[in-house]
Every structure is written in structure tokens, then in C-alpha cells.
Amino acid sequence: MNVQIILAGIGGQGILFSSKVFSELGLKMGLDVMGSETHGMSQRGGSVIAHLKLGKFQSPLIRKGAADILYSFEENETYRTLHFLKSGGICFVNLESADQFNKSIMKFLKEKEITFRAYDATGAASKIGSIRSANIALIGYSAGTGLVPFKYEDLRSVLELVSRKKNLKINLKVLNAGFQEGKLLKT
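Following numbering that gives the first Met the number 0, the residues of the sequence shown are numbered contiguously, the last one being 186.
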């Protein structure tokens, strides 16, 4: 299996932690892992993009039109990174409702047969008490939809491995909440 993933957001949204989660997940699945991160003014809320390749690849950067999955933790970063997705790719966005998303971009996604899922990961994480875990909620949601090749159990065990002890309990709760929401909309 080969999977190319783009993680996009702004500083403080857990892009690097999410990258670590997917890297460990790839290793757990027995896949080679390559990655690269771009940090804008990340400490000031600037753009952060991570490229991850799980499987057999030659280089860490993902070319335009080649990514299988885009996880965007911030709406504007979605617009900035959509060009990485291939036709038939999958886009998960931290957004209250798909109705908020730009209509002309939605038309473009439909033409490219890109599956688009909006999920209020920030709201879900907030309800559990950790707005900073919205990244984990979106990842859990994606697994729940069945659209990605990642199992909940594997994500859970990876979180147990990479989370700080003080954050583990909340991260697992948030992962489960996202997963359960994703299962409700399983396609």
C-alpha cells in the first residue's frame, strides 16, 4: 500500500504532532515512512504544511495533484493546499459545515471527483475539554468514515505511544468522539 498525505494548518494546531501520529502509524502498518514539513511563521499562527508518504517512494515531497488525502485543520489552509490532491482524493476539513465552504471550490472538487468531508473538530474537542486536540478529532473522524486505510485500534495504540502522559486520556477521548461521529456518516 502507498498513501500520500498532506497535513495543513497554522502554528499551534498540532500539525507536527499529527505528522508524528501518521509516521508511527505507517511504521506500525509495516510501511516505509517519508516526510517533510514546511514551517512558515508557525509560532505566530503562520502556515504549517507536512508531507507524508507511507509506502515505497523515492522522495519526501508530494507533487501537485498526487496526494491521496488532505487533512486541513484550518479552512484557509485548505484553499492553499487543495492543489496537492489528486483526482479521486479525499479532503477532510475542520469546519462547522460544508455549507461554509466556497461554492466554486466545491464545484471544482466535484469535477475532480474529490471526496470532501467537513467536520467541526474544534467543536468536538472543545466539548471534551481540549480545543488543542482538534487535530486528533479530525483524524478519528476520518477513520470512522471508512474512507481512509487507517484502523481506529491502530490509531489508538499509536496515540498511547506518542502522547504525553498528561494528554493521553483526553487525546483518546477526542479520538473516540471523532471516530464515532465519522461512523454516523460512513459512506
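Check before you lean on any hint, since a few could be wrong.
As the list claims (entries may be wrong) - The calculated lysine-lysine pairs, modelled on DSS-like cross-linking and capped at a C-alpha distance of 30 Å, are:
#1 Lys-55 with Lys-19
#2 Lys-111 with Lys-126
#3 Lys-63 with Lys-85
#4 Lys-85 with Lys-106
#5 Lys-164 with Lys-150
#6 Lys-172 with Lys-126
#7 Lys-168 with Lys-19
#8 Lys-27 with Lys-150
#9 Lys-85 with Lys-102
#10 Lys-27 with Lys-164
#11 Lys-27 with Lys-63
#12 Lys-126 with Lys-85
#13 Lys-164 with Lys-63
#14 Lys-182 with Lys-164
#15 Lys-182 with Lys-126
#16 Lys-27 with Lys-55
#17 Lys-150 with Lys-85
Because the hints were derived from the structure by calculation, they are not lab data.
The structure presented is a predicted model; accordingly, all values stated were derived computationally and were not measured.
These are the hints, each one checked on the structure:
1. Lys-55 with Lys-19: This hinted pair holds, its Cα atoms lying about 18 Å apart.
2. Lys-111 with Lys-126: Roughly 35 Å between the alpha carbons, so the hint for Lys-111 and Lys-126 is violated.
3. Lys-63 with Lys-85: Holds. Lys-63 to Lys-85 sits at ~8 Å (cutoff 30 Å).
4. Lys-85 with Lys-106: 15 Å, holds
5. Lys-164 with Lys-150: Since the Cα atoms of Lys-164 and Lys-150 sit roughly 22 Å apart, the hinted pair holds (cutoff 30 Å).
6. Lys-172 with Lys-126: Holds - the C-alpha atoms of Lys-126 and Lys-172 are around 11 Å apart, at most 30 Å.
7. Lys-168 with Lys-19: Holds - the C-alpha atoms of Lys-19 and Lys-168 are around 18 Å apart, at most 30 Å.
8. Lys-27 with Lys-150: 11 Å, holds
9. Lys-85 with Lys-102: Judged against 30 Å, a Cα distance of about 19 Å means the pair holds.
10. Lys-27 with Lys-164: 20 Å, holds
11. Lys-27 with Lys-63: The hint holds at about 28 Å.
12. Lys-126 with Lys-85: 34 Å, violated
13. Lys-164 with Lys-63: 38 Å, violated
14. Lys-182 with Lys-164: 28 Å, holds
15. Lys-182 with Lys-126: 18 Å, holds
16. Lys-27 with Lys-55: 15 Å, holds
17. Lys-150 with Lys-85: 23 Å, holds
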